[in-house]
Amino acid sequence: MDLFLSQLVNGLVYGVLLFLLASGLSIIFGLMGVVNLAHGSFFMLGAFFGLSAVKWTGSFWYAMLLAPIPVALIAALMEVLFLRRLYGRQKLDQVLLTFGFSFIFTDLVEWGWGKDTFSIAEPPSLEDSFAILGGFFPSFRLAVLAFGLITALLLWILIDRTRAGAMVRAGVDDGATAMAIGLNVPLLLTTTFASGAALAALAGVVAGPILGVYSGVDVEVLIPAFIVIVVGGMGSLKGAFVGSLLIGITDTFGKAYLPEMAMFLTYMTMIFVLLARPSGLFGQAQIR
Amino acid sequence: MKPAFAPMPTAEVSRKFAAFEFSALLLALAWPFVSDAYGTGLITEVLIFAIVAMSLDLLMGYGGLVSFGHAAFFGVGAYAMVLGSIKLGLSPWFGLMTGVAASGLAAALIGFFCVRMTGVAFFMVTLAFAQLLYSGAVKWRWLTGGSDGIGGMPRPHLFGLSLADPALMYFLSLAAFLMSLGLLRVILRSSFGHALVGMRENETRLRALGFATGRLKLLAFTLAGAFAGLSGALYAMYNGFVSPDALSFGLSGTFLLMVVLGGVGTLVGPAIGATVFMLMKHFVSSQTEHWLLVVGIVFVCCVMFFRKGIYGLVNNRRQGE
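Each protein sequence line maps, in turn, to chains A and B.
Take the first sequence: its letters are residues 1 to 288, numbered as in my numbering.
Take the second sequence: its letters are residues 1 to 321, numbered as in my numbering.
Pulled out of the complex, with its shape left as it was, chain A reads as follows:
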């Protein structure tokens, strides 16, 4: 029972980390039709900037605040200087472009920090752990879970209840019409791309003490995030949330109870959903 409970918490923690990554990926896809293969790199860059920020400032909290800033800037530059020029072309070009960038980022990270595996230390105030219901829960993981859930709520309010969110939704539904009624779609795209990257970078910092910080972590988190948005439905925030928790829990329980099969479980889930419902659980538009 206690193993079950702590696995459940671990699964949820992994799930909310995936959500921070997948929500940006999904909204970017919905808005631009671009599968951003460099999204894992933003996570990785965030983790490494966070690592350095912790070293400089000595504080995990400052790292959470600082690390997403350079990543958002890099993403904004990437969108303005490169991606934007390709909007008239077929989507494949943009996917290939982001793939090229993922190589560049991996090399730069290895150049700057080396190929070792690092870890960000947990903030000292969250080093202890709770014993509840016979289970044993590190406070840091519970804090990550709470942080993820609050971010999800804030993101939902932002997208669903604010003017900026309405613009994003209009862009996702029909970019051409949104432009025609006077929305500044290029600005919207840059902002969304950069915000998605910042969110991924934030996930990288927060995941630092859990998943570690190393140069291959980008692919390690990108592929589960893909699975999440395929399962949840591309372009849907709700889908990204449900998909993240589903994949987080499936993966964690798989690893605990069926270690031989764990890696298959998530891929099988994705393949099954794609075949049964190609637009995902909450996707409305047919994927093209």
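Among these hints, one or two may not hold up.
To be verified - Taking lysine-lysine and the DSS-like style, the derived pairs with C-alpha atoms no more than 25 Å apart in a straight line are:
id : chain 1 : residue 1 : chain 2 : residue 2
1  : B       : K139      : B       : K87
2  : A       : K255      : B       : K87
3  : A       : K115      : B       : K281
As the list claims (entries may be wrong) - One-sided excerpt, in silico: chain B residues whose CB lies under 7 Å from chain A:
id : residue
4  : V125
5  : S135
6  : L209
7  : F211
8  : A212
9  : V295
Worth flagging that the hints you see were computed from the coordinates, not collected in a lab.
Model, not experiment: these values are computed from the prediction.
Don't be surprised by glycine CBs; every beta carbon is placed ideally from N, CA and C.
Based on the hints, put chain B in the right spot on chain A.
Using the frame of chain A, we list chain B on its own:
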């Protein structure tokens, strides 16, 4: 959808390229006699990768089906070769055929699901299947040796001559490359090839004309998988070793880069792309550690500025003259 693809070569361009191809063939035949063992090995690798790049072009350039998991079939061919030889004691010749058959079969099975998808969903689901095989290769240590891979497979003998001789391994790869190029050309000039291009341009119309487009796609997927398997099996024979890297996401991306670099939808282009990629890798890796950075920049530049690849670049210049 269509403007990004290079057009089918016209008769005039084909004639010009025939001269190029003839010179390239002469150079290829003479190469082992003028080069040292290292250079021969390098071009052996080039020829092997050219096969898989062309096979991916059949799928993405002619069929319009962009696969992000083509390494799956390369890897299956490689594993079939090594496992057949080491665990079952099969003759490596039979292993080569097993590699092709296993990849073709895997492609037919996986393709059965994948061809129902279009666009982004297609590349996602091919990626998912490739990752599935990759995790299988990592997890099932008893069969695959896990992430360390399996090796120690000696090069086989051909008519009493050992392929451990670099020149013989080279000529075997050259023969396989020429056979693949010839076969792929025949395939593309057949009515199936024309139907495939028609489907890329307008699937709805082709279906209205009475073509079973699902079956067309599946056939293209299976053929591409089988050629990738040949390439993988040869690569395993060349190295005497296989590891999960042969199935990896990164390798699938490398194949895509070779095709994009050479010119999508030109068949010879991707072979040129594979050549340039391998030579560049050899040269850059010997000069600097930042090979990935160079690959990334080349990839970005290709997509941004040379969308028709090297083939298109040469083609345009010739037409300008």
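Okay, the hints, checked on the actual structure:
About 18 Å separates the Cα atoms of K139(B) and K87(B), which keeps this hinted pair within 25 Å; it holds. A C-alpha spacing of about 29 Å is found between K255(A) and K87(B), which places the hinted pair above 25 Å, so the restraint is violated. Restraint check for K115(A) and K281(B): the C-alpha separation of about 20 Å stays at or below 25 Å, so the hint holds. The interface hint given for V125(B) is met, as the beta carbon of that residue sits about 5 Å from the closest beta carbon of chain A, less than 7 Å.
For the restraint placing S135(B) at the interface with chain A, the shortest Cβ-Cβ distance is roughly 4 Å, inside the 7 Å limit, so the hint holds. The restraint placing L209(B) at the interface with chain A is violated, with a minimum CB-CB distance near 22 Å, outside the 7 Å limit. Among the interface hints, the one on F211(B) is violated; its C-beta lies about 21 Å from the nearest C-beta in chain A, farther than the 7 Å criterion. A distance limit of 7 Å between C-beta atoms decides the matter here; for A212(B) the minimum to chain A is near 19 Å, and the interface restraint is violated.
Here the hint on V295(B) is kept, as its CB sits about 5 Å from the closest CB of chain A, short of 7 Å.
In the structure shown, a violation is registered for the earlier hints numbered 2, 6, 7 and 8, in ascending order.
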